[in-house]
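Between the sequences and the hints, there should be enough to build the whole structure, so can you do that?
From first to last, the protein sequence lines stand for chains P and X. If you use my numbering, the first sequence corresponds to residues 6 to 195, in order. If you use my numbering, the second sequence corresponds to residues 6 to 223, in order.
Keep in mind that a hint or two might mislead.
Unchecked claim - To give an idea of the interface, some chain P residues facing chain X are shown, with a C-beta separation under 7 Å as derived from the structure:
hint, residue
1, Asp28
2, Thr76
3, Thr80
Think of the hints as simulated: they come from the structure by calculation, not from any bench. For each residue, glycine too, the CB sits at the ideal point set by N, CA and C.
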Amino acid sequence: MRKLNRQQDREESWRILMRAAQDGDRTAYTRLLSELLPVLRQIVRRRCRNPQDAEDIVQEVLLSVHAVRHTYDPTRAFMPWLMTITMRRITDAARKLSSRSANETTVDVLPETFSGHETKKEQDTSDDNEVIRRAISLLPPGQRQAIVLVKLRGLSFQEAATATGKSISSLKVAVHRAVKAMRRNLNRKI
Amino acid sequence: MQTEDLIRALAADATPVKRLVRPGRRTITWLTISVVYIAAVVLFMGLRPDLSTKLAEPRFLIEVGAAFLTSMMAAAAAFCAGCPGRPLWERLAPLPFLAIWLGSLGEGCWRDWVGSGPDGLTLQLDFLCFPTIVAVSIAPAVLIFSMLRQGAPIAPVATTALATLAAAALAAAGLRLFHPQDASVMVLVWQFGSVAALAGVGALFGRRLLRWPHPRIT
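If you want it as structure tokens, here you go:
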């Protein structure tokens with residue numbers, strides 16, 4: 006009996022707070038959303054076991070409540086209004102999750118990679134190296150120097166700048182242009 | 006973003022909002038505008054020559070009245086479906102009138118079968134019904150969809166199906182006033198069938214037409 010009364014009091018309090026929030030009372034709105042938060046977390050976590058996904062759904066519900074707060078009719082009960090939005094957003098999230106997982110496969114180790122040396126034959130690796138060496142040789146001298154120092158020798162931009170006497174920004178531009186030119190060159194060959 | 010921060014941001018964005026007008030009043034608004042539009046279309050197309058005779062037939066009145074009430078109740082149900090927390094049975098409100106409409110056409114088919122045998126149920130192509138119902142229902146459909154976007158998309162498929170049913174049924178009721186086609190089987194297939202098909206098409210576009218708004222919060 007006491008529990009029922011408490012629920013009725015809570016329902017009445019939320020109805021009044023929502024009405025005030027619709028009229029622009031930010032304090033009432035903050036209080037309402039803060040009071041709703043544990044209730045929403047409890048409802049969502051009962052249906053979604055992943056805590057991160059559950060918290061994302063709770064945030065979606067809060068955003069939806071905010072977006073359609075004008076649809077609440079203060080002469081009607083508050084909880085059915087809130088629960089309809091909550092259940093709809095949980096269903097939407099479940100649909101989104103299932104369509105996302107339909108396009109993804111969880112594996113521990115990828116069975117094959119195209120860039121991994123261990124999955125390639127020796128001949129493939131040497132062919133790749135030859136193609137890349139040729140693409141580098143076609144670059145203008147400034148870009149070639151930049152890409153050799155930064156990408157092949159693995160120097161930092163600061164170290165490459167000290168070695169060449171050029172500024173860091175000009176080296177970054179040279180590397181960027183070199184990569185673009187090589188990609189263009191390699192795509193043409195493929 | 007932490008949820009507590011989100012609440013602070015939402016509260017900071019809580020400007021006063023204009024409450025959504027109740028479904029009953031929105032239905033009256035939509036119906037009034039749409040009926041005026043349909044009446045203008047009927048007058049433009051020209052009333053059927055035998056309309057005064059037809060208006061004296063209870064069967065004709067029941068059929069057109071049921072189509073009109075189906076439209077009205079479907080519109081009311083669509084507006085109710087955009088208000089969270091309302092009972093689900095409201096979405097079934099047009100069904101009794103839809104059943105009366107279907108029943109009156111079925112009874113007409115039965116009468117034609119008894120009176121004329123298989124010849125009474127001859128189905129011919131009618132290239133006017135479907136395009137006319139589509140053309141006439143476009144304006145009421147655009148109006149009801151623009152009004153529905155103010156609500157919450159809690160049941161987008163049902164809402165768009167009901168809204169399309171409302172617009173198409175009103176157009177079909179109007180069509181009966183200027184298109185002299187009285188063979189029940191023809192009305193059943195080409196007019197009632199068009200309305201049912203359009204409602205189905207409307208349902209397919211539910212999720213695309215009615216989406217959750219994304220509030221811009223800072």
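Double-check aspartate 28 of chain P for me: the hint is only fine if its C-beta lies closer than 7 Å to a C-beta in chain X.
5 Å, holds
Under 7 Å, Cβ to Cβ, is where threonine 80 of chain P needs to be relative to chain X, so tell me if that hint holds or is violated.
Since chain X brings no Cβ nearer than about 9 Å to threonine 80 of chain P, farther than 7 Å, the hint is violated.
Does threonine 76 of chain P pass the interface check with chain X, least Cβ-Cβ distance below 7 Å?
Because about 5 Å separates threonine 76 of chain P from the closest Cβ in chain X, which is inside the 7 Å limit, the hint holds.
The structure does not agree with numbered hint 3 stated previously, though it agrees with all others.
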